[in-house]
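In the order they appear, the protein sequences are chains A and B. Okay, so the first sequence: first residue is 1 according to the numbering used here, each after it adds one. Okay, so the second sequence: first residue is 1001 according to the numbering used here, each after it adds one.
It is worth saying that the hints were derived from the structure and are not from the lab. Every residue gets a Cβ at the ideal spot worked out from N, C-alpha and C, and that includes glycine. Each statement offered as a hint is correct.
Facing chain B, from chain A, some residues (calculated, C-beta under 7 Å):
(1) Ala7
(2) Pro11
(3) Leu29
(4) Leu31
(5) Leu68
Derived coverage of chain B by chain A (criterion: at least 3 residues anywhere in the stretch with Cβ under 8 Å from a Cβ of chain A; other residues may be distant):
(6) 1006-1020
(7) 1025-1038
Not close to chain B: a few residues of chain A, all C-beta gaps over 10 Å, as computed:
(8) Asn112
(9) Ala114
(10) Asp119
(11) Arg125
(12) Ser146
Spelled out, the chains give:
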Amino acid sequence: MTATREALVLPLLFLSVALCGSVRLGRTLVLLPPSLYALILGILLVRLLVQSRTLVPGALLSPARGALANINGGVVILTLWAASGQVFAVLIPDNGLPRLIVSVFFLILLLNTAAASPDRPRLLRSLAVTFGSAFLLKFVVLSALSETGTSWLKRVLLAMVEGVTLGTLTQDAMHPASGYIALFALGLFLIGVFLLPFREPPESTALETVGPPEGGRPDSMDIVRGVRL
Amino acid sequence: MAGETATRTTGIALTLIYAALIGWLYARQPQTVAQFTGGLSAAVGAYHIDRQSFDDGLSFFRRDRFAEARAAFQRADPAVRDASTQFYIAYSFYRQGWGRLYDDDALFRDGLEAVDRAIALAPNGRLIVDDPDLRIHTADELKAELEGGTRVEASDFSPARVFRERK
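Please put together the full structure from these sequences, using the hints given.
Dropping the structure here:
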């Protein structure tokens, strides 16, 4: 990884996620830091990134690196944590039953993903799908349910959740720009995670029998070689 | 190698500045661009109120035209960073809301918010305004007066209340 990416690109990108993710537009502009719970989910996500080798801590912090380089590496990890917490804070609905359900869902999902030990490509795909789904839930589905008036989407959703008290689902009305800002923060975060120093998993090999040695008897020991899977 | 060191040092400096800015935004919660830029100016000691607007506000205030006075004071201190201006805004709420028979609770509550801002902005929370036209010179006295006006007490029903004077 280049010094520019490590010292400038990644920290500034993750801090931008922390800033954009904190913006809550309503009657007034409010900048909300991530909650303690979101920061804990952020720790779990960083751990998952390390476990899947999407982030190799040794490439950022090691005795072989100089002091300045180690400080840069530490800053990358700290800002990654802050951005991770802020991403969860953006995606978790603001109140009611959806907030509880999505909060628990994220916790279980992170623990489950850690147990599954995915590799980097699978984890990145999983993060994109999970965050994308949570984004749609909060900024499209719940937002449509919470807005005043009766749009066709709201009527469809109301028919789907028939029997559920609407008060437990609806959220405070969101500014139209909120979704765009959240999507921008989410996109930046995924780009940042993609740019982290990673390590490919060791290639798996299998043994393949290619036949008897030249001039040998057919029943003599076969040549066996390792092949990539 | 020197180039890499420069890049790394610049990165640390920029990250610290950016992180400090985000922390400041979380703490201050600016609502407008004026509050944002004014807050940054104040942080480096470069913030000044608009003296002409402040004098206009003072002039309105002394003629008991409080709504106009507040408009001028707010124009003078758009970033809400000057303790004295916020003190005068609070005082204008007090004088406008004061009544011989009863006080206007809504105006007094707005005054309390303004005086709290003034106290928060003053060094060590201590604010004294040397204006001979005022009868209250400290933010603490003004706050006590405003708080007293919003409370319902036995003295509120005393006939002697009509003889009290506006400060």
